[in-house]
Amino acid sequence: MIEVQNVSKVYSDGTRAVDNVNLVIRDNEFVSLIGPSGCGKTTLLKIIDGLLSPSAGQIVINGYPVADPGPDRGVVFQDFALMPWATVLENVAFGLEMRRVPRAERLHRAREQIRAVGLDGFADRLPKQLSGGMQQRVGLARALAVDPDTLLMDEPFGALDAQTRHLLQEDLVELLENRPKTVVFVTHDMDEAVYLSDRVVIMSPHPGRVVEELDVDIERPRGSGVRKSREFVNLTDYVWTRLRDAVRTQETGA
Amino acid sequence: MTPSKSGWGAGIRRLGLPIAFGLTVAFAWEVFVRTAGTFATPTIPRILGALVRLPFEPEFWPSLATTLLALLIGAVVSVTIGVPLGVIVGRVRTLERLISSYVAMLLSVPLSAVVPIVIILFGIRLTARVVVVVLFTLPILLSNVITGVSNVPRNLLEMAASYGCRGWHLARRVIIPSATPEIFAGLRLGAGRAVIGMVVAELIIIAAGIGKLIDRYSATYRMEYMYAIIIVILLISALFIHLVGVWERRVLWWREAGTRQRILRGRSHVVGGEGR
Chain A
1 MIEVQNVSKV YSDGTRAVDN VNLVIRDNEF VSLIGPSGCG KTTLLKIIDG
51 LLSPSAGQIV INGYPVADPG PDRGVVFQDF ALMPWATVLE NVAFGLEMRR
101 VPRAERLHRA REQIRAVGLD GFADRLPKQL SGGMQQRVGL ARALAVDPDT
151 LLMDEPFGAL DAQTRHLLQE DLVELLENRP KTVVFVTHDM DEAVYLSDRV
201 VIMSPHPGRV VEELDVDIER PRGSGVRKSR EFVNLTDYVW TRLRDAVRTQ
251 ETGA
Chain B
1 MTPSKSGWGA GIRRLGLPIA FGLTVAFAWE VFVRTAGTFA TPTIPRILGA
51 LVRLPFEPEF WPSLATTLLA LLIGAVVSVT IGVPLGVIVG RVRTLERLIS
101 SYVAMLLSVP LSAVVPIVII LFGIRLTARV VVVVLFTLPI LLSNVITGVS
151 NVPRNLLEMA ASYGCRGWHL ARRVIIPSAT PEIFAGLRLG AGRAVIGMVV
201 AELIIIAAGI GKLIDRYSAT YRMEYMYAII IVILLISALF IHLVGVWERR
251 VLWWREAGTR QRILRGRSHV VGGEGR
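Residue numbers (this note's numbering), protein chains in the order written: chain A, 1 to 254; chain B, 1 to 276.
Keep in mind that a hint or two might mislead.
To be verified - Listed next, with one range per pair, are the computed distances between beta-carbon atoms: (1) B:88 <-> A:84: 36 to 44 Å; (2) A:100 <-> B:76: 28 to 36 Å; (3) A:68 <-> B:95: 23 to 31 Å; (4) B:10 <-> A:237: 55 to 63 Å; (5) B:247 <-> A:84: 13 to 21 Å; (6) A:234 <-> B:167: 46 to 54 Å; (7) A:53 <-> B:247: 40 to 48 Å; (8) A:226 <-> B:95: 48 to 56 Å; (9) A:55 <-> B:10: 57 to 65 Å.
As the list claims (entries may be wrong) - Short, incomplete list of chain B residues facing chain A, as computed with Cβ under 10 Å: (10) 156; (11) 173; (12) 174.
Keep in mind that the hints were calculated from the coordinates and are not lab data. Beta carbons are placed, not taken as given, at the ideal position from N, Cα and C, and that holds for glycine.
Chain A extracted, bound-state conformation (with noise of 0.2 Å):
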């Protein structure tokens, strides 16, 4: 479980990003944060991870405060972050080899992630060499590598055209359902947040903070059909009247 306990973050121009947050993740509760730039949203996952520190409250897992990244936490960062000297293979390998994984265990740990993104016989290919899509499936591989109990995913698809976005929408939730992880989502996507999240966390900006919490009870597993069903979109609609407001003011300026 992890607990987001008054979190606040004030950059060092004043920009207050997060302000007094507080948030409960289950364990394997697969959580979205959505919201316009400048929530706070990509602040508060930093901050979960350890990357940030706060500026006050403190981050808990399975009771324990936590204040630098561990093992149990894998980023999916949204530029992908991948090394571009490095194979698909190294790249994925690279969670492993820091955590003093054997070459032989690590290689053979990392060519099972290859596979289970899907990218099977890319092992050997340079980042570069692939296409967006491809290239986040390494950045999933290399998270799903160390196998943490927390997937912590930063604007993930954001980079990709929408028709890649799906694929690769309903590929996590598969990988997600042979082998359950709690995951922390950050998206502007109301869509993206509906179709895989178990609850929707609204944010709004200047100062960030948490507008509403939204449980979505679509049941699962959830088809690419399901995007049409009458309550998908209730609730993508609704996601949005309560963005609305907060993009309104931002647009304004008021």
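Fit chain B to the known structure of chain A by using the hints.
Chain B only, in chain A's frame:
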């Protein structure tokens, strides 16, 4: 299929133009020398003749060895100091602010003016010549390494941090690979400057190595030999830079591999879709 970019056509384009240019300059030189030349401007056949006889001069090979030794030691010392120091300075912002402007200054100082001080400090032996080579090479290498290291993409640093990658691991697995293009740019520029440093050292400090030969030929007005020596220096320089280039292509294979493969694979992306 797009026509292959390698092979004879490209070879001629790549080499032919520079060679044609060189021949034109040589021809212009010859015309100039034959119409308005003095004893200081020997004809090309005489220069070439001297170049051919140079290896049989009793002092040529020992001089060359002396020179190359200083050059090589200087280069090794520069890399040994420059790369680690650059990595550290590039990582520590305060240190970078502290040092960068001085490195830039060192780059613009006429180093020939510093050479007499080096003689006083280190005498006139090998050490002094090595120090001069290092003085010429190190600043340009250092400034390039610092640039490369401070330009490591933020997202890679975050990625590394999220896996607990720190210290030596971070340097070896992320920072140095990422800065490698700039490090090699520094090595290439440094190689050229090392040769300059070497000749300056030998000419100003002491009659040693090739510098001594230049001195001797100039004292005895054997102009064609002086020109021949200059050609030798050019060849050393070209060889040195070429070797750095060969090394660079071996280390940075992923850069070229990427672009070439991308062109080849452009079509299959559409067909293969997401590659599954």
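For each hint, the structure was consulted:
One distance hint, 36 to 44 Å for the beta-carbon pair residue 88 (chain B) and residue 84 (chain A), is violated here, with the actual separation near 24 Å. Remark: the range hint 28 to 36 Å for residue 100 (chain A) to residue 76 (chain B) is upheld by a beta-carbon distance near 33 Å. For residue 68 (chain A) paired with residue 95 (chain B), a C-beta distance near 24 Å keeps the hint of 23 to 31 Å intact. At roughly 60 Å, the beta carbons of residue 10 (chain B) and residue 237 (chain A) sit within the given window of 55 to 63 Å.
A hinted range of 13 to 21 Å holds for the C-beta pair residue 247 (chain B) and residue 84 (chain A), which are about 19 Å apart. Hint check: residue 234 (chain A) to residue 167 (chain B), Cβ distance near 52 Å, so the stated range 46 to 54 Å holds. The hint said 40 to 48 Å for the Cβ distance between residue 53 (chain A) and residue 247 (chain B), and at roughly 42 Å that hint holds. Taken as a hint, the range 48 to 56 Å holds for the pair residue 226 (chain A) and residue 95 (chain B), whose Cβ atoms sit roughly 55 Å apart.
Evaluation of the 57 to 65 Å hint for residue 55 (chain A) and residue 10 (chain B) yields a pass: the beta carbon distance comes to about 59 Å. Among the interface hints, the one on residue 156 (chain B) holds; its C-beta lies about 6 Å from the nearest C-beta in chain A, closer than the 10 Å criterion. Nearest Cβ of chain A to the Cβ of residue 173 (chain B): about 7 Å, under the 10 Å cut. The hint holds. Evaluation of the residue 174 (chain B) hint against chain A yields a held restraint, the C-beta minimum of about 7 Å falling below 10 Å.
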